[in-house]
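2 protein chains.
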Amino acid sequence: MKKFKSEIKITLREGILDVQGKTVENALHSMGIPEIAHVRIGRFVTTEISAETQEQAFEIIDKACKQLIANPIIEDHFIELKEI
Amino acid sequence: MKKFKSEIKITLREGILDVQGKTVENALHSMGIPEIAHVRIGRFVTTEISAETQEQAFEIIDKACKQLIANPIIEDHFIELKEI
Chain A
2 MKKFKSEIKI TLREGILDVQ GKTVENALHS MGIPEIAHVR IGRFVTTEIS AETQEQAFEI
62 IDKACKQLIA NPIIEDHFIE LKEI
Chain B
2 MKKFKSEIKI TLREGILDVQ GKTVENALHS MGIPEIAHVR IGRFVTTEIS AETQEQAFEI
62 IDKACKQLIA NPIIEDHFIE LKEI
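These protein sequence lines are chains A and B, in that order.
FYI, the numbering used here numbers position 2 of the first sequence as 3, with every residue one higher than the one before it.
FYI, the numbering used here numbers position 53 of the second sequence as 54, with every residue one higher than the one before it.
Take the hints with a grain of salt, since some may be wrong.
Stated by the list, open to error - Covered, in the sense of this in silico footprint (three residues per stretch, anywhere, with C-beta under 8 angstroms from a C-beta of chain B), are these stretches of chain A:
| # | stretch |
| --- | --- |
| 1 | 10–24 |
| 2 | 33–43 |
| 3 | 68–78 |
What the hints assert, rightly or not - Dumping the calculated PhoX-like pairs for lysine-lysine here, alpha-carbon to alpha-carbon at most 20 angstroms:
| # | chain 1 | residue 1 | chain 2 | residue 2 |
| --- | --- | --- | --- | --- |
| 4 | A | Lys10 | A | Lys67 |
| 5 | A | Lys83 | A | Lys10 |
| 6 | B | Lys83 | B | Lys10 |
| 7 | A | Lys67 | A | Lys6 |
| 8 | A | Lys64 | B | Lys64 |
| 9 | B | Lys6 | B | Lys64 |
| 10 | A | Lys3 | A | Lys64 |
| 11 | A | Lys10 | B | Lys83 |
| 12 | B | Lys23 | A | Lys6 |
| 13 | B | Lys23 | A | Lys4 |
| 14 | B | Lys64 | B | Lys10 |
| 15 | A | Lys23 | B | Lys4 |
| 16 | A | Lys10 | B | Lys23 |
| 17 | B | Lys83 | B | Lys6 |
| 18 | A | Lys10 | B | Lys10 |
| 19 | B | Lys23 | A | Lys23 |
| 20 | A | Lys6 | A | Lys83 |
| 21 | B | Lys6 | A | Lys23 |
| 22 | B | Lys3 | A | Lys10 |
| 23 | B | Lys83 | B | Lys4 |
| 24 | A | Lys6 | B | Lys64 |
| 25 | A | Lys6 | B | Lys10 |
| 26 | A | Lys64 | B | Lys23 |
| 27 | A | Lys67 | B | Lys23 |
| 28 | A | Lys23 | A | Lys4 |
| 29 | A | Lys83 | B | Lys10 |
| 30 | B | Lys10 | B | Lys67 |
| 31 | A | Lys64 | A | Lys6 |
| 32 | B | Lys67 | B | Lys6 |
If you're looking for bench data, these hints aren't it; they were derived computationally from the structure.
These numbers were taken from a predicted model, which means no experiment stands behind them.
Glycine included, each C-beta is placed from N, C-alpha and C at the ideal position.
So here's chain A without its partners, still in its complex pose (with noise of 0.2 angstroms):
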């Protein structure tokens, strides 16, 4: 049995409204940093998943951040993957 290591990044799909993002970018605005734009907040969950092979490992990841960890109507998710 191998163990590998996950990264998953969540993020709202193109064209949900990010309030929490915008609510962060106005501040910054406030605070006097105005160059920074397009602020979006997701989530980044890290893992560590016990398979046979890095298949194995990825279909594991995968159903859990599908029926779980993220939320597919309104979300993408990205993993990376690897051994340790």
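Since chain A is already given, all that's left is putting chain B on it; use the hints.
Using the frame of chain A, we list chain B on its own:
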């Protein structure tokens, strides 16, 4: 003036208890996905930055992270920049 895109990974520091991550991990195990462990949940923030140089863009976004986007007491942040 150039434009840069930043991707910022914000993670809880090692040793800080991640209650949300632990909850997700327990839920995954209850759902029949026991292969996943050490779930930790951070934030993934994307922005655009207007600056003269990549170094200047890094300084702007690093300042924004320290002042508002991340909490340096309990979180680390990792910035990736590319020109767009």
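* Between A:Lys10 and B:Lys83, does the CA-CA distance stay at or below 20 angstroms? -> holds, 17 angstroms
* **Check of the stretch 68–78 of chain A against chain B for coverage (Cβ-Cβ below 8 angstroms, three residues minimum)** => Held - the stretch 68–78 of chain A has 3 residues with a Cβ nearer than 8 angstroms to chain B, which meets the minimum of three.
* With a cut-off of 20 angstroms on the C-alpha distance, tell me whether A:Lys23 and B:Lys4 pass. => Holds, at roughly 19 angstroms.
* Asked: Can the restraint linking A:Lys6 and B:Lys64 be considered satisfied, given a maximum Cα separation of 20 angstroms?
  -> The hint is violated at about 30 angstroms.
* Satisfaction of hint between B:Lys6 and B:Lys83, Cα-Cα up to 20 angstroms -> holds, 5 angstroms
* Asked: Given the proposed pairing of A:Lys83 with A:Lys10, does the C-alpha separation stay at or below 20 angstroms?
  -> Answer holds: A:Lys83 to A:Lys10 is near 15 angstroms, not above 20 angstroms.
* To do: Assess, step by step, whether the Cα of A:Lys10 is no farther than 20 angstroms from the Cα of A:Lys67, and give holds or violated.
  => OK: A:Lys10 and A:Lys67 at ~13 angstroms, within 20 angstroms.
* To do: Would you mind confirming whether the straight-line C-alpha gap from A:Lys10 to B:Lys23 stays at or under 20 angstroms?
  => Since the Cα atoms of A:Lys10 and B:Lys23 sit roughly 18 angstroms apart, the hinted pair holds (cutoff 20 angstroms).
* Within a Cα-Cα threshold of 20 angstroms, do A:Lys10 and B:Lys10 meet the stated pairing? -> Holds: A:Lys10 and B:Lys10 sit about 9 angstroms apart, inside 20 angstroms.
* Given that the stretch 10–24 of chain A was listed as covered by chain B, double-check it with a C-beta distance under 8 angstroms for 3 or more residues. => holds (count 4)
* Quickly compare the C-alpha distance for B:Lys23 and A:Lys23 to 20 angstroms and report which way the hint goes. => Answer violated: B:Lys23 to A:Lys23 is near 29 angstroms, above 20 angstroms.
* CA of B:Lys3 to CA of A:Lys10, is that 20 angstroms or under? -> violated, 26 angstroms
In this structure, the earlier hints numbered 8, 19, 22, 24, 28 are contradicted, and the remaining ones agree with it.
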